[in-house]
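Each protein sequence line maps, in turn, to chains A and B. Using my numbering, you'd call the opening residue of the first sequence number 1 and step up by one each time. Using my numbering, you'd call the opening residue of the second sequence number 1 and step up by one each time.
Honestly, I wouldn't trust all of these hints.
Stated by the list, open to error - Only pairs whose alpha carbons sit at most 20 angstroms apart, straight line, appear in this in silico EDC-like list of lysine to aspartate or glutamate:
(1) A:K11 x A:E85
(2) B:K56 x A:D24
(3) B:K56 x A:E85
(4) B:K42 x A:D63
(5) B:K42 x A:D56
(6) B:K42 x A:D18
(7) B:K106 x A:D24
(8) B:K106 x B:D17
(9) B:K106 x A:E102
(10) A:K57 x B:D49
Please keep in mind that the hints were generated in silico from the structure rather than gathered at the bench.
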Amino acid sequence: GAGVSQSPSNKVTEKGKDVELRCDPISGHTALYWYRQSLGQGLEFLIYFQGNSAPDKSGLPSDRFSAERTGGSVSTLTIQRTQQEDSAVYLCASSSGLAGVEQYFGPGTRLTVT
Amino acid sequence: GESVGLHLPTLSVQEGDNSIINCAYSNSASDYFIWYKQESGKGPQFIIDIRSNMDKRQGQRVTVLLNKTVKHLSLQIAATQPGDSAVYFCAEKGSGGGADGLTFGKGTHLIIQP
Numbered sequence: 001g002a003g004v005s006q007s008p009s010n011k012v013t014e015k016g017k018d019v020e021l022r023c024d025p026i027s028g029h030t031a032l033y034w035y036r037q038s039l040g041q042g043l044e045f046l047i048y049f050q051g052n053s054a055p056d057k058s059g060l061p062s063d064r065f066s067a068e069r070t071g072g073s074v075s076t077l078t079i080q081r082t083q084q085e086d087s088a089v090y091l092c093a094s095s096s097g098l099a100g101v102e103q104y105f106g107p108g109t110r111l112t113v114t
Numbered sequence: 001g002e003s004v005g006l007h008l009p010t011l012s013v014q015e016g017d018n019s020i021i022n023c024a025y026s027n028s029a030s031d032y033f034i035w036y037k038q039e040s041g042k043g044p045q046f047i048i049d050i051r052s053n054m055d056k057r058q059g060q061r062v063t064v065l066l067n068k069t070v071k072h073l074s075l076q077i078a079a080t081q082p083g084d085s086a087v088y089f090c091a092e093k094g095s096g097g098g099a100d101g102l103t104f105g106k107g108t109h110l111i112i113q114p
């Protein structure tokens, strides 16, 4: 079956612009995760959704970052007023189990802020 | 702070030999310890996990060992193949269900020599 898909695969934006990243999880997976992967910080957990609800947003790097999920499926991660330090690969994962141990990752969106 | 880290950034082995990738962790409260594999241009892929009340678990060609006394996790890959070339991450997960997200180590690049 189809895996986790993310779009766009690459995004180049100018500093100060807003960007929206999209994640389509595996059908039926209720849990959805966003991570950021950069050379300096490795893989960082950002936020988790169970259904449409995100119980804890403290992992988001700053208030410029927001995420939502609608219909228990597609999720978007929005970064406002992008900064160069936001450049990274943004990964989305989904999971069917409550424990969230086995997560299925998408290919990521490579964001470059110039 | 609590973190999961790796001893070696690069490991080179001959095709057909066994590989051992090591990881040190500091959060004794983690409920699960997990290994993920990431190939170039792709998202991480789940390999195997071990719960904190176990010390060994075997999968297909892989074995994970957990030593809670010294807070050490290892992944053994038997008869390594060219397709095993990738970056391997250890990760930990708390007992809070999906909301904890995964905490990843920095990764070990496994290179298979022909």
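**Message:** Which constraints among the numbered hints does this structure fail? Numbers only, ascending.
**Reply:** 2, 3, 4, 5, 6, 7, 8, 10
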